Structures are given as C-alpha cells and as structure tokens.
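The hints should help you fit chain B onto chain A, whose structure is shown.
There are 2 protein chains.
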Amino acid sequence: MSTTDAGFLAALDEAKQGYGEGGVPIGACLVSKDGRILGRGHNMRVQNSSATLHAEISALENAGRLPASAYEGATMYTTLSPCDMCTGACILYKVKRVVIGENNTFVGGEDYLKSRGIEVINVKSPECEALMTKFITEKPGDWNEDIGEPSA
Amino acid sequence: MSTTDAGFLAALDEAKQGYGEGGVPIGACLVSKDGRILGRGHNMRVQNSSATLHAEISALENAGRLPASAYEGATMYTTLSPCDMCTGACILYKVKRVVIGENNTFVGGEDYLKSRGIEVINVKSPECEALMTKFITEKPGDWNEDIGEPSA
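Chain order of the listed sequences is A and B.
full-length UniProt numbering numbers the first residue of the first sequence as 1 and each following residue consecutively.
full-length UniProt numbering numbers the first residue of the second sequence as 1 and each following residue consecutively.
None of these hints come from the bench; they were simulated from the model.
Small disclaimer: the values here were computed from a predicted structure and weren't measured.
Incorrect hints may have been included.
Each pair may be met inside one copy or between any two copies, as identical chains are not told apart.
[Unchecked claim] In silico DSSO-like cross-links for lysine-lysine, where the CA-CA straight-line distance does not exceed 30 Å:
#1 K33 x K134
#2 K114 x K96
#3 K134 x K94
#4 K124 x K96
#5 K94 x K124
#6 K114 x K94
#7 K139 x K96
#8 K94 x K139
#9 K33 x K139
Next comes chain A alone, as it looks inside the complex:
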C-alpha cells in the first residue's frame, strides 16, 4: 500500500476535484480485492449542501447497491483519517483495510477500526496534508462544520 496505488491516486484526484469546486478537499476510492475500482467520490458538503456525503460515503454511494461479497477483501482509500461516520460505514460493510493519506490535520476512528478487525495503513502523503492544511486555513468554518465542531 503506497502513494502510487491506483486507489490512492484516484482518492487524491477526487480530493483535488473537491478543492477545485470550492469544497472540502477529501477524496476516497473503494477498491475490490481483485483491484477493481468499485466507486470513488469526494466530500460534497459545500457543493450539494450535504451533511452526509463525506468522501468515503460518496465512494460507497457511487459504488451503488452491492452484496456483502463485493466488499470482502476490499480496501477503502481515503485522503484523510476517517471521521466517526465514515469509520462506521467501513465497519458496516466489513472492508478489509482502510488506507489513509494522512492523520496530521485530523485523527478519526483509526483505533476503533482496528478494534473491529480492520487494517489501517497511513501512507503519510505530504500532498494530502498540504491540501488539507491550505483548506483549513482558508475555510475554517466549512471545516469545523464538516467535523461537527463549533467554529472558533
């Protein structure tokens, strides 16, 4: 698992798309055990006034209705440590592994994922961290809203 994986590159591309749209720049990509991209997406809070379309939720939603077997051995790539909702979504569908771009700007449910038997790998991408740092500096209100925190 590294920053050259197709799933990671797709997630990073989604994050950049989100930034270009004026949104929260977090992307995700769900990859099956045999390496196929099942779904990809990015945070749509700003674009769709959505409270629930975080990146991982968008990727799962764009993958569509799937039987449990489709998620067996799957990997969720996400550019940022997943929030509690996205952590729960990965647990619901029993993905095998969550690969995160970084957790320096936000730490989500990594420990809980591990406690539920899901592998967590941090690829420590400077590009993901720089993108989030820029966004948080530019739009702290949007960011705090996205993680359910009061604005300063």
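Chain B only, in chain A's frame:
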C-alpha cells in the same frame, strides 16, 4: 421519551412509507433540543439503489448543512437499533440522545454510542418490531444486503 413523541411518530411514519415503497422499512427523525423537527427520512436502499441512505443518514441529509450548534441537545429517533454507520453519524454530530423503536430484530451500536457519551433509550415498540419482522421474512436478501451480511 415514548412512542407518543412527535419525533418517534414521524420516524414510524417514515418507516411505513418505506415499506409502502417496497423498501427497507426503517425511519428516523432528528429533533432539536427545543423540539423542532430538523429532518426526517427513511432507508432508500431499494428506492434509490443507495448503499448509504439508511434512515438516520436520510434524516441528517434532509436536515441539510447545519452548524454544530444545531445538533446540541438533539435527539435522533429511529425505528431500529442503529447500524455501525448510523451510530458513527450520531457520534460525528454529537447528538445528545438516540431513541430506538426496538432492538429485537437487529442490535447495532448501542453500547458504542453509550461509551461515547450518548444516551440510548429503547421504547420497545411492538409496531416497529412487527414491521421489521414482516419485511425480513418477505425480503431477506434486501435486508442482509442492507446490513452487509451475506444472504443465506
């Protein structure tokens, strides 16, 4: 908190709508601390081919973009014990309380909600349980898919 609360009645009404549409009959309603309905909705797996629009997610989504302060002291009513994803969504937005219709047909993240400081109240509604029991008997495949379980 009881089966006569407006929030519970709205959630139950949503669940019945879902059943009428041929969907997974689970409904939810998010109520602010001062008793206003912020959003309500039902599971849309069948209707929208959605992997993520569980009842609680629909209610949060229908409530739209809100600041953290809007969820302070809020109650999420749901006709069924919440799955891991919906559990995480309630934790993300720090609702105060989750009121569930029943947990005889499915037990979700109640203990985890409590461990994260959220009150959980089970109103033990025979109507919620009867609706779910009927659905699970009629459409076991749809149900198993919704909770990420293989079909028998």
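These are the hints, each one checked on the structure:
In this assembly of identical chains, K33 and K134 lie within 30 Å of each other by CA distance neither inside one copy nor across copies; the values are 34 Å within and 35 Å between. Proximity of K114 and K96 under a CA criterion of 30 Å is satisfied in both settings, with 10 Å inside one chain copy and 26 Å between copies. In this homomeric assembly, K134 and K94 come within 30 Å of each other (Cα to Cα) only across copies, at 26 Å, whereas the closest approach inside a single copy is 33 Å. In this assembly of identical chains, K124 and K96 lie within 30 Å of each other by CA distance solely inside one copy; the values are 20 Å within and 34 Å between copies.
Proximity of K94 and K124 under a CA criterion of 30 Å is satisfied in both settings, with 24 Å inside one chain copy and 28 Å between copies. Within a single copy, K114 and K94 get their C-alpha atoms as close as 12 Å, and across copies as close as 22 Å, so both meet the 30 Å cut-off. Taking the closest pair of Cα atoms, K139 and K96 come within 30 Å of each other only across two copies (27 Å); inside a single copy the shortest separation is 33 Å, beyond that limit. In this assembly of identical chains, K94 and K139 lie within 30 Å of each other by CA distance solely across copies; the values are 22 Å between and 33 Å within a copy.
Taking the shortest Cα distances, K33 and K139 sit within 30 Å of each other only across copies (28 Å), while inside one copy they are farther apart (37 Å).
Hint 1 from the earlier list is the only one contradicted by this structure; the remaining hints agree with it.
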